[in-house]
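Line by line, the protein sequences are chains A and B.
Sequential numbering of the first sequence, starting at 4, is according to our numbering.
Sequential numbering of the second sequence, starting at 285, is according to our numbering.
Incorrect hints may appear among the rest.
Straight-line alpha carbon distances no greater than 25 angstroms define the calculated PhoX-like cross-link-like pairs of lysine-lysine that follow [stated by the list, open to error]:
#, chain 1, residue 1, chain 2, residue 2
1, B, Lys475, A, Lys188
2, B, Lys493, A, Lys202
3, A, Lys27, B, Lys456
4, B, Lys456, B, Lys485
5, B, Lys393, A, Lys151
6, B, Lys471, A, Lys202
7, A, Lys27, A, Lys106
8, B, Lys471, B, Lys456
9, B, Lys493, A, Lys188
10, A, Lys202, B, Lys393
11, A, Lys12, A, Lys25
12, B, Lys456, B, Lys393
13, A, Lys151, B, Lys471
None of these hints come from the bench; they were simulated from the model.
In this text the structure is predicted, and so the values were computed from the model without any measurement.
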Amino acid sequence: MFERKLTRKEVELIQEIEAFIKDKHSQAQGHDHSHVLQVTRYAVQIAETIPDEVNPFILICAALFHDIGRIGTVTGVLHGLRGATIADEYLESTWVSSDVRKKISRIITRHTPTSMIPPQSIEEKIIYDADALDRLGLMGMLRGIMGKSGSIESILTDRMQRRAGDYDKLYFEESQRIGERLQAKTIQVIQSFREALDKRAEQIVHIEWPVERNNMSGEEKG
Amino acid sequence: MRKRGDQVFERNLTRREMELIEDIQEFIKEKHSQSERHDYTHVLQVVRYAIQIARAIPDEVDPFVLICGAFFHDVGWIGTDNGILHGLRGATIVDEYFDATWVSVDIKKKIKRIVIRHTATSMMPPQTVEEKIVWDADGLDGMGLIGILRGLVAEEGSIEEILTEEFRESRKTYDKLHFEESRRIGKELHKETIEVIQSFKRALDHRLKAIEQLALPVERPVNWARVWVDVEN
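Only chain A is shown next, with the shape it has when bound in the complex (with noise of 0.2 angstroms):
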């Protein structure tokens, strides 16, 4: 539950944050602005149902700037931390006190294993959770594999074993909760995407020459 209810300043701020995000995000593919949003949907449905205390403030702030970090990059193997600077460069020029802002920053730093950090605090975990809940699914998928390099097979493949593991990895058991069904739909998902996939690579491995005997040795058979 929330310790408390936002403040009318801090509603405004979080008002403000969320029309810069929306216009930074608004460039991004796979982790587009409703990703965001959709991970503050989730941070905040779960710090409503676990018995323990939470900070709405730093917790929606956080979840708005959590993916912060990769906008403008190439690759997200930094975008904790980077987040992490922006999101205090941002809050620094606010009246938001230094030890609320370490807080968020935090969180966005812990967001990702990328930064080999894991969550600790409760709001740490809340988002990390939130997180992980918007890959599952179909448009999990989706999104995961938009502006990937590779083959659409690697691609598809280490999807699929990464969001196998999402699901156990999950701090909450609200969490869990929520992810169920999408969980189900993301083992359909996969099962159709790799039926898809193994139908092509069959077909392709049954080319019929135009020959007069067999002499095609080319292409490993079956």
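Please build the complex by placing chain B on the supplied structure of chain A, with the hints as guidance.
This is chain B only, laid out in the frame that chain A set:
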């Protein structure tokens, strides 16, 4: 039903041709191994569709010209990040390649024409039967689930924009197919395109609706749906 068999090609491949095709296959496999949307499985699928169409149509088709054209059709993408000249770039590579083989100038020219005319970016539509077959085969592999997924990986834009574009492309390709056999294959694939896009769009709508229900912990409710109404636009 027409009896299927190699006799529909004007002739079978000779041993010498088959050996060169094997070399070409190795070459193309290696060059396309790093390519993204136009990976090697796409090339093989186009070869397969081309052979399938050639066998089914009454027109006489030169198997060597067709298969070489299919293998080389996207080689002009390699090493570039956009494809606006890939037909002509591909043809120059084909030219250099075959110059170093026994293939005659006449045959080489026919293969190059296929490569140039398989893509709308060259602004020259296919004319010979082999050119039309490779055009159809390439179009068919852009349709259906795999075609859409390839589009999502490679195209720029939001999911919604890409899906809309993929749908338009699938329809446009289907309408332009040259042969009955292509349309037979394409009909199923276009049906798949429609089904897949509908299910993707349903998921997208569901997602946008869910976001509107975002309820922040505030004293008096704020109409966030109005604040964030044009989320995806």
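Fill in: Violating hint indices (sorted, rising)
2, 3, 5, 10, 12, 13
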